[in-house]
Amino acid sequence: MAFSIADYLVTDDLTILLGLIAATVFLLNNLYKPQPLVHPILLGRQSDVARVRNPGESAVYRNYGTGLMGRFPIRPSKEVFILADFVKPDSEGSRTLWSTRLSNNTLQDRVASFGTGLLRLAGLRPKESTVLLLLNDSIEFIISDLALASHSIQSFTLSSSKLLSYVLESHVPSAIITHADLLPQILELIYESDDRSGNHTIIVVGEPSARTMASVASNVKVLNFVDVEREGVKVEKIISPLPNANDIFTVSFFESESGHVQAAQLTHENMTAGVAATRGLLPLSHALSSLDTIVSAHPLSTAYGRAVAYTAIFEGTSFATLDSSKLYHPEEHSTTGIDVSDAVSHKAYPIPSPTVLFVKPGHLESTVSSIVKHASRSFLLYPFARRHKLASVSEGYISKESLWDRLVYDGARAKVIGDGASTLRGIIISGGNLGASVVTPARVALSIPLINSYTHPLVPGPVLASHPLDLQDFPAATNESSVAHVGPPSVNTEVKLVGVDDEAVENGADPVGLLLIRGPSVGKLFVNDDYVSIPSEDDKEGWVATGIRAKIQSNGAFQVLTPLVS
Numbered sequence: 001m002a003f004s005i006a007d008y009l010v011t012d013d014l015t016i017l018l019g020l021i022a023a024t025v026f027l028l029n030n031l032y033k034p035q036p037l038v039h040p041i042l043l044g045r046q047s048d049v050a051r052v053r054n055p056g057e058s059a060v061y062r063n064y065g066t067g068l069m070g071r072f073p074i075r076p077s078k079e080v081f082i083l084a085d086f087v088k089p090d091s092e093g094s095r096t097l098w099s100t101r102l103s104n105n106t107l108q109d110r111v112a113s114f115g116t117g118l119l120r121l122a123g124l125r126p127k128e129s130t131v132l133l134l135l136n137d138s139i140e141f142i143i144s145d146l147a148l149a150s151h152s153i154q155s156f157t158l159s160s161s162k163l164l165s166y167v168l169e170s171h172v173p174s175a176i177i178t179h180a181d182l183l184p185q186i187l188e189l190i191y192e193s194d195d196r197s198g199n200h201t202i203i204v205v206g207e208p209s210a211r212t213m214a215s216v217a218s219n220v221k222v223l224n225f226v227d228v229e230r231e232g233v234k235v236e237k238i239i240s241p242l243p244n245a246n247d248i249f250t251v252s253f254f255e256s257e258s259g260h261v262q263a264a265q266l267t268h269e270n271m272t273a274g275v276a277a278t279r280g281l282l283p284l285s286h287a288l289s290s291l292d293t294i295v296s297a298h299p300l301s302t303a304y305g306r307a308v309a310y311t312a313i314f315e316g317t318s319f320a321t322l323d324s325s326k327l328y329h330p331e332e333h334s335t336t337g338i339d340v341s342d343a344v345s346h347k348a349y350p351i352p353s354p355t356v357l358f359v360k361p362g363h364l365e366s367t368v369s370s371i372v373k374h375a376s377r378s379f380l381l382y383p384f385a386r387r388h389k390l391a392s393v394s395e396g397y398i399s400k401e402s403l404w405d406r407l408v409y410d411g412a413r414a415k416v417i418g419d420g421a422s423t424l425r426g427i428i429i430s431g432g433n434l435g436a437s438v439v440t441p442a443r444v445a446l447s448i449p450l451i452n453s454y455t456h457p458l459v460p461g462p463v464l465a466s467h468p469l470d471l472q473d474f475p476a477a478t479n480e481s482s483v484a485h486v487g488p489p490s491v492n493t494e495v496k497l498v499g500v501d502d503e504a505v506e507n508g509a510d511p512v513g514l515l516l517i518r519g520p521s522v523g524k525l526f527v528n529d530d531y532v533s534i535p536s537e538d539d540k541e542g543w544v545a546t547g548i549r550a551k552i553q554s555n556g557a558f559q560v561l562t563p564l565v566s
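Under UniProt numbering, the first residue of the sequence shown carries the number 1, and numbering increases by one thereafter.
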C-alpha cells in the first residue's frame, strides 16, 4: 500500500493545539525573560588600566567612567568650593535633619548666629583657635562644623571615644563643644591633666545639672549652646574672610590597625571631592534628589560619615543617623549596632521613610537574615519565589514589582523594616568586609541596588565602590570565608598595588599587594613625634598607603583581603 506526502502531513486538532501551546511557551519565555539592567560588556571592564607598570607594582587603575585622561571631579557643582557652599541659598524647600525640620535659609541663619556667638562669648579667634567637637551626630554638630569652618577655625574630631584623653593632653583645644551629660567626665579629665592653670571654655548642648555646675572650677567657663546662638541673633553678624578651598578646616583623629593614634588633615576641597564621589555611587538615572531620605550608620566625626551628611545637605534630602553611630555616652554603653529596622520604621527620628541607606555589613546581614526568616514561613510559596528570584538575578535583573515579591517578599520586608520597605531604593555598604555569600541572598531579599565600598579614615567619600547593578556572582567567591569585591576606584581616586609578584602577574595571575591611593578627596596624614605614619616610597608622587592588602580581579574590580574592623 503506497502513501503520499500528503498522508504524512495529516494532523488532528490535538496536534495543532499542542503545537500552538509549544510555540506560545517558547515566545513567552523569550519575550518576557528579564533583560540585564547593565550590559555584560560594561561590567567586564570596570576600570581603566595604565598600559605600563613599574617593577613590583601593578598598573595604575582609574574608574572606567573617568578614564585615564579624564579630569577628576573635585566638587558636586561648579558653585561649591567650601563647606558653606553645600547649603544652597536658592533652595526654598525644607527637610528634616534628625528631629529638626528647617530650610536652607534657616540653617544658614543659625550657622551665622552661632559663629558670631562663638567669637563674642567664647573669645575664639579666626585662623588661630581650635575647637574639639565632642558631639554625637546631631543638628548641633552640623551647625558647629559649618560655623567654625566659615570663620577658619579648625575643629578636632575623634573616631573613637578612647582617644579623648590623648587629644586633651597632646592637643589642648581653645574650646570644647559637647553634650551636657558628658560635662562631668570632661571636667574630671581637665582637673587630672597637667594643664590645671590654663583657662578652658566648654559649650554644652542641653542643661547640665546643678551639681555638675557647682563643681566647675574658676578657670573653666561653661556656656550653653542655646545662649551662644542667641547672642549671635541679638547683634549684627560677624563676617570673616572666606576661607580658601585648600585651607584645612578639620583634623580627624583615628587609631590605625597597629594601635597608633593618627590624624587626617582635611581641606574644604577634600570634602567637596568626597561629596562628588559619594553622589557618584548611584547612577545618573537614579541620582539623589530632595525627595530622598538618607539614613547613615557612619559617625559625623569620621571623614566618610561627614561626606555622607554633607551630601544630604547639598541635595536637600532629609537625613538621620542610626543610634549605633553615637560615639560618646555618659557612662559605659554597649549597643548591638543592628538597628536599621528602628531607623526605617520611624522609631528613631521623625523623618520620612528612608530611600537610601549607608550602613555597615552587620546591618545588612541582620536585615537580610530577618527577611529570609519571615519569607520562609510561607513554606509552600517560598521555594518557588526564591528560585524565580535567583533566576532573575543570574540574568542580571532585579525588581521589587514581580509576582513573587507581592506574594512572599513584600510582607517579609514590611515586617522587618516597616514603611521603608516600599520606599527603599538603594543600600551602600562600607566599614568592614562583606561576606561574598551574603550578597546574592541580599539581592534576592531586598531586590534593590546594593553597593559594596571600601572607605579609609583619610578619605571623605568612597575609595572603591562596586557598580549598583553589578549582579554577577563568581563561582570562586562562593566560599564562606571569601569576601565580596568592592568594585573599581571611585570617580576621583587613583589606585595601585605595591609589593606584587611580577612573575605571577606576567603569567596571568591577578595582582595582589598593598593598596596605595591618591586623588583630590585624599587628605594628608598629620604626623609629628607622637604619630607613626604608614611608610610609602611614593609619597613624592602623592600616593598614600592604606595599610591593607588587596587583589585586582580581571574585570578591574578590587577585593580587600585584609580583615577590616567595622
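Read the hints as simulated data drawn from the structure, not as lab findings.
Note that the Cβ used here is the ideal one computed from N, Cα and C, for glycine as well.
Treat the hints with caution; some may be incorrect.
As the list claims (entries may be wrong) - Subject to a maximum C-alpha distance of 30 Å in a straight line, what follows is the list of computed BS3-like cross-link-like pairs (lysine-lysine):
| id | residue 1 | residue 2 |
| --- | --- | --- |
| 1 | K400 | K373 |
| 2 | K524 | K78 |
| 3 | K524 | K162 |
| 4 | K400 | K88 |
| 5 | K524 | K88 |
| 6 | K127 | K234 |
| 7 | K221 | K234 |
| 8 | K162 | K127 |
| 9 | K88 | K221 |
| 10 | K237 | K162 |
| 11 | K551 | K524 |
| 12 | K78 | K221 |
| 13 | K162 | K88 |
| 14 | K373 | K221 |
| 15 | K88 | K78 |
| 16 | K400 | K551 |
| 17 | K162 | K373 |
| 18 | K234 | K162 |
| 19 | K127 | K400 |
| 20 | K415 | K400 |
| 21 | K415 | K373 |
| 22 | K326 | K524 |
| 23 | K326 | K221 |
| 24 | K127 | K237 |
| 25 | K127 | K88 |
| 26 | K237 | K221 |
Stated by the list, open to error - Simulated restraints, written as ranges between beta carbons of each label pair:
| id | residue 1 | residue 2 | range |
| --- | --- | --- | --- |
| 27 | E192 | S399 | 56 to 66 Å |
| 28 | N244 | V52 | 51 to 61 Å |
| 29 | E169 | K373 | 27 to 37 Å |
| 30 | E192 | R125 | 25 to 35 Å |
| 31 | R230 | E192 | 52 to 62 Å |
| 32 | D247 | S103 | 52 to 62 Å |
Going down the list of hints, with the structure as the test:
Restraint check: the Cα-Cα separation between K400 and K373 comes to about 18 Å, which is no more than 30 Å; the hinted pair holds. This hinted pair checks out: K524 and K78 have alpha carbons roughly 24 Å apart, not beyond 30 Å. A distance of roughly 22 Å separates the Cα atoms of K524 and K162; the hinted pair therefore holds under the 30 Å criterion. Note on K400 and K88: the hinted pairing is violated, with a Cα-Cα distance of about 34 Å set against a maximum of 30 Å.
In summary, the hint linking K524 to K88 is supported, as the alpha carbons are separated by about 28 Å, within the 30 Å threshold. Proximity of K127 to K234 is assessed by CA-CA distance (about 25 Å); at most 30 Å being required, the pair is judged to hold. Distance hint between K221 and K234 is fulfilled; the C-alpha atoms sit about 21 Å from each other, no more than 30 Å. Of the pairs offered as hints, the one joining K162 and K127 holds, with about 28 Å between alpha carbons and a cut-off of 30 Å not exceeded.
The suggested pairing of K88 with K221 is violated, with an alpha-carbon distance near 35 Å, which exceeds 30 Å. Restraint check for K237 and K162: the C-alpha separation of about 37 Å exceeds 30 Å, so the hint is violated. Between K551 and K524 the alpha-carbon distance is near 25 Å, which keeps this suggested pair within the 30 Å criterion. For the hint linking K78 to K221, the alpha-carbon distance of about 42 Å lies beyond 30 Å, and the restraint is violated.
A C-alpha spacing of about 36 Å is found between K162 and K88, which places the hinted pair above 30 Å, so the restraint is violated. For the suggested pair K373 and K221, the alpha carbons sit about 54 Å apart, so the restraint of at most 30 Å is broken. As the CA atoms of K88 and K78 are separated by approximately 12 Å, the hinted pair is consistent with the 30 Å bound. The straight-line distance between the Cα atoms of K400 and K551 is roughly 33 Å, outside the 30 Å bound, and the hint therefore fails.
A distance of roughly 37 Å separates the Cα atoms of K162 and K373; the hinted pair therefore is violated under the 30 Å criterion. A distance of roughly 38 Å separates the Cα atoms of K234 and K162; the hinted pair therefore is violated under the 30 Å criterion. Using a Cα cut-off of 30 Å, the hinted pair K127 and K400 is violated, with the two alpha carbons roughly 52 Å apart. A hinted pair counts as satisfied when its Cα atoms are at most 30 Å apart, and K415 with K400 qualifies at roughly 16 Å.
With a C-alpha separation of about 11 Å, the suggested pair K415 and K373 falls inside the 30 Å cut-off, and the hint holds. Between K326 and K524 the CA atoms are separated by roughly 26 Å; this keeps the pair inside 30 Å, and the hint holds. With a C-alpha separation of about 26 Å, the suggested pair K326 and K221 falls inside the 30 Å cut-off, and the hint holds. Restraint check for K127 and K237: the C-alpha separation of about 18 Å stays at or below 30 Å, so the hint holds.
For the given pair, K127 sits about 25 Å from K88 by alpha-carbon distance, which is consistent with the 30 Å threshold. Proximity of K237 to K221 is assessed by CA-CA distance (about 23 Å); at most 30 Å being required, the pair is judged to hold. For E192 and S399, the hinted distance range of 56 to 66 Å is satisfied, since their beta carbons lie about 59 Å from each other. Our hint of 51 to 61 Å for N244 and V52 is violated, since their Cβ atoms are close to 36 Å apart.
One distance hint, 27 to 37 Å for the beta-carbon pair E169 and K373, is violated here, with the actual separation near 48 Å. Checked against the hint of 25 to 35 Å, the C-beta distance between E192 and R125 comes to roughly 28 Å, which is consistent with it. The hinted range of 52 to 62 Å is not satisfied by R230 and E192, whose Cβ atoms lie roughly 33 Å apart. At about 28 Å, the beta-carbon gap between D247 and S103 misses the expected band of 52 to 62 Å.
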